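There are 2 protein chains.
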Amino acid sequence: MTQKVTLVRLAAVVLGFSALVAHAQDPLASWNDGPAKQAIVEFVKTTTTQGSPQFVPPEARIATFDQDGTLWVEHPMYTQVTYCFERVPTLVKEKPELKNKEPFKTVLSGNREAIAKLSTNQLVEILEATLTGMSVDEFRAEAKKWLSEAKDARWKRAYTELTYQPMQEVLRYLRDKGFKTYIVTGGGQDFVRVFAEQTYGIPPEQVVGTVSGTKYGYDKNGKPFLTKEPKLLLNDNNAGKPEGIHLMIGRRPVAAFGNSTGDRQMLEYTKAGDGARLAMLVLHDDAEREYAYGPAQGLPNTKVGTFTQALYDEAKKNGWIVISMKNDWKKIFAFEP
Amino acid sequence: MTQKVTLVRLAAVVLGFSALVAHAQDPLASWNDGPAKQAIVEFVKTTTTQGSPQFVPPEARIATFDQDGTLWVEHPMYTQVTYCFERVPTLVKEKPELKNKEPFKTVLSGNREAIAKLSTNQLVEILEATLTGMSVDEFRAEAKKWLSEAKDARWKRAYTELTYQPMQEVLRYLRDKGFKTYIVTGGGQDFVRVFAEQTYGIPPEQVVGTVSGTKYGYDKNGKPFLTKEPKLLLNDNNAGKPEGIHLMIGRRPVAAFGNSTGDRQMLEYTKAGDGARLAMLVLHDDAEREYAYGPAQGLPNTKVGTFTQALYDEAKKNGWIVISMKNDWKKIFAFEP
Numbered sequence: 003m004t005q006k007v008t009l010v011r012l013a014a015v016v017l018g019f020s021a022l023v024a025h026a027q028d029p030l031a032s033w034n035d036g037p038a039k040q041a042i043v044e045f046v047k048t049t050t051t052q053g054s055p056q057f058v059p060p061e062a063r064i065a066t067f068d069q070d071g072t073l074w075v076e077h078p079m080y081t082q083v084t085y086c087f088e089r090v091p092t093l094v095k096e097k098p099e100l101k102n103k104e105p106f107k108t109v110l111s112g113n114r115e116a117i118a119k120l121s122t123n124q125l126v127e128i129l130e131a132t133l134t135g136m137s138v139d140e141f142r143a144e145a146k147k148w149l150s151e152a153k154d155a156r157w158k159r160a161y162t163e164l165t166y167q168p169m170q171e172v173l174r175y176l177r178d179k180g181f182k183t184y185i186v187t188g189g190g191q192d193f194v195r196v197f198a199e200q201t202y203g204i205p206p207e208q209v210v211g212t213v214s215g216t217k218y219g220y221d222k223n224g225k226p227f228l229t230k231e232p233k234l235l236l237n238d239n240n241a242g243k244p245e246g247i248h249l250m251i252g253r254r255p256v257a258a259f260g261n262s263t264g265d266r267q268m269l270e271y272t273k274a275g276d277g278a279r280l281a282m283l284v285l286h287d288d289a290e291r292e293y294a295y296g297p298a299q300g301l302p303n304t305k306v307g308t309f310t311q312a313l314y315d316e317a318k319k320n321g322w323i324v325i326s327m328k329n330d331w332k333k334i335f336a337f338e339p
Numbered sequence: 003m004t005q006k007v008t009l010v011r012l013a014a015v016v017l018g019f020s021a022l023v024a025h026a027q028d029p030l031a032s033w034n035d036g037p038a039k040q041a042i043v044e045f046v047k048t049t050t051t052q053g054s055p056q057f058v059p060p061e062a063r064i065a066t067f068d069q070d071g072t073l074w075v076e077h078p079m080y081t082q083v084t085y086c087f088e089r090v091p092t093l094v095k096e097k098p099e100l101k102n103k104e105p106f107k108t109v110l111s112g113n114r115e116a117i118a119k120l121s122t123n124q125l126v127e128i129l130e131a132t133l134t135g136m137s138v139d140e141f142r143a144e145a146k147k148w149l150s151e152a153k154d155a156r157w158k159r160a161y162t163e164l165t166y167q168p169m170q171e172v173l174r175y176l177r178d179k180g181f182k183t184y185i186v187t188g189g190g191q192d193f194v195r196v197f198a199e200q201t202y203g204i205p206p207e208q209v210v211g212t213v214s215g216t217k218y219g220y221d222k223n224g225k226p227f228l229t230k231e232p233k234l235l236l237n238d239n240n241a242g243k244p245e246g247i248h249l250m251i252g253r254r255p256v257a258a259f260g261n262s263t264g265d266r267q268m269l270e271y272t273k274a275g276d277g278a279r280l281a282m283l284v285l286h287d288d289a290e291r292e293y294a295y296g297p298a299q300g301l302p303n304t305k306v307g308t309f310t311q312a313l314y315d316e317a318k319k320n321g322w323i324v325i326s327m328k329n330d331w332k333k334i335f336a337f338e339p
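Chain order of the listed sequences is X and P. The opening position of the first sequence corresponds to residue 3 in our numbering, with each subsequent residue numbered one higher. The opening position of the second sequence corresponds to residue 3 in our numbering, with each subsequent residue numbered one higher.
There could be a bad hint or two in this list.
Just so you know, same-sequence chains aren't split out, so a pair can sit in one copy or run between any two.
Stated by the list, open to error - Heads up, simulated DSS-like pairs for lysine-lysine below, C-alpha to C-alpha not over 27 Å straight-line: (1) Lys146 to Lys107; (2) Lys97 to Lys222; (3) Lys233 to Lys217; (4) Lys273 to Lys225; (5) Lys217 to Lys305; (6) Lys153 to Lys101; (7) Lys217 to Lys97.
Worth flagging that the hints you see were computed from the coordinates, not collected in a lab. Everything numeric in this text was worked out from a predicted model, so none of it was measured.
The whole structure should be built from the sequences, with the hints applied where relevant.
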């Protein structure tokens with residue numbers, strides 16, 4: 003082999019990485035060209051190009067994402083609530099005294115009409131009974147097992163497959179550009195942590211959620227463990243989202259993504275900072291490929307992931323971008339043909 | 003220039019970085035050779051060498067550090083408590099009704115004997131009044147200003163200069179080996195966040211501390227802000243440390259560093275995990291270069307950073323390493339000649 007050939011090969015190795023990057027595919031391939039995709043690309047360009055007047059230093063590149071309805075399907079019911087209901091038979095095996103006690107009796111009956119009529123307090127009672135009282139490790143094992151077996155009724159797929167491909171692309175794109183991506187969810191922090199790393203590439207320490215306290219103690223062998231307690235520390239919805247962001251991150255995000263009225267304050271808080279800011283809301287307007295609900299823009303009303311007309315108007319007024327699932331997304335799920 | 007020369011130069015560029023690393027200086031240069039330094043080096047080697055039976059994947063490399071007395075000086079009084087006392091005159095200007103009210107009146111008197119006799123409840127009242135009630139941004143600005151001006155009485159230096167050089171080396175060494183370094187402090191989370199990035203290279207989202215809630219609201223122009231509320235969410239001392247670690251990190255650390263009885267549970271929790279674990283305690287046994295207090299090993303007793311003999315015995319029994327400031331540290335502060 004001549005020196006010239008060796009030199010060319012060595013140079014090829016050195017230059018290979020930048021060549022690969024230059025020829026990379028569109029990082030937002032599942033997005034149709036339009037104002038939503040354009041807003042994301044523009045925001046990333048303006049905040050990450052050295053010398054740009056709106057350049058954001060890498061350590062301040064914080065992007066927060068609601069989960070239910072923003073990163074994965076939340077209809078007909080939040081996945082975690084389904085988990086809690088499906089945990090009730092196991093719970094009753096462990097605590098037989100609950101079998102004939104409401105609201106557990108109704109859940110066990112399987113009577114959908116009666117279940118739909120449970121009060122908020124009764125729902126909270128079910129959530130508390132199924133999400134607390136066990137050790138952190140036991141909870142993780144139980145939730146992991148359920149997630150590996152349970153299937154959504156419509157797509158007959160694991161819930162963790164029902165994530166939105168376009169949002170997965172946004173997560174990756176932002177991380178490739180030096181952003182730290184966080185989940186800021188109304189769902190349980192420990193529940194979402196079980197699958198966030200594998201499903202979204204988001205580690206447990208970057209999951210902010212509704213969270214209850216734990217209690218440190220020792221087992222009979224003197225080994226320490228933490229028990230999940232029914233003591234609410236943070237309801238990570240509405241005003242709780244910026245409060246949770248301050249608690250867990252301590253910086254104001256520069257980009258935030260949501261889909262419901264519960265995300266309003268997070269988006270306001272994000273936009274209130276100086277410099278370039280990106281605030282986006284996913285509108286579920288695709289009954290055919292996913293679901294359609296609002297009630298914004300005349301879409302059917304819902305209690306799960308409510309997107310009011312007032313929120314829509316606030317978005318339009320303040321330069322938040324509303325993402326139309328129907329028009330902005332070429333593809334919704336990775337498993338689509 | 004011949005092709006051979008070009009080739010050699012190109013190869014030199016490619017290989018340059020690893021050569022630099024190979025010839026790097028001792029990363030723990032301020033440590034004397036001895037069991038403490040050896041334990042750190044061994045732990046890093048065994049957890050970060052690919053193929054080692056105790057290899058820890060990068061995402062699980064979590065190391066937690068107490069702050070007061072572990073990373074910086076805590077005697078004669080925790081710096082944050084000094085901050086709170088020195089804030090009282092400003093507070094009284096804003097709220098003149100406090101001027102003749104206890105415990106503020108005593109603090110304003112400057113009578114050290116009377117101040118030393120304040121009850122715990124009175125201390126809590128002072129902390130609450132000086133650390134809450136303002137916006138998160140106002141608090142940050144106030145604390146930052148104070149830290150830039152205040153001087154420790156003994157060394158006549160800014161408090162942020164009173165960090166231990168050997169521990170700064172451990173922080174950097176662990177980060178260079180892929181660890182995420184966290185502060186887990188009994189001090190206020192927001193207070194420590196003000197200087198942790200600049201002082202330790204630890205970003206706000208990696209500071210876990212004693213933390214109160216915030217409240218989201220709007221100013222008269224409709225701009226959102228967060229107010230610091232006197233509602234304790236977590237007392238990050240003793241059992242609160244593993245609880246805070248679960249809340250904020252969601253993973254068990256593989257290495258933990260402390261110096262007092264308040265760090266016991268964090269070290270127990272860290273050591274209770276599988277595989278290689280490192281648990282270390284700084285013993286303040288150097289009255290000449292810093293301070294000497296215990297009461298472990300016959301050192302003078304103290305209420306600030308108490309290190310009991312029981313903790314010392316637990317450490318020895320469980321393979322935690324006690325760091326002797328006197329014997330293990332060549333140098334304590336970066337500013338030493």
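For which of the previously enumerated hints does the structure constitute a violation, in increasing order of number? Nothing - there is no hint that the structure violates, so all of them hold.
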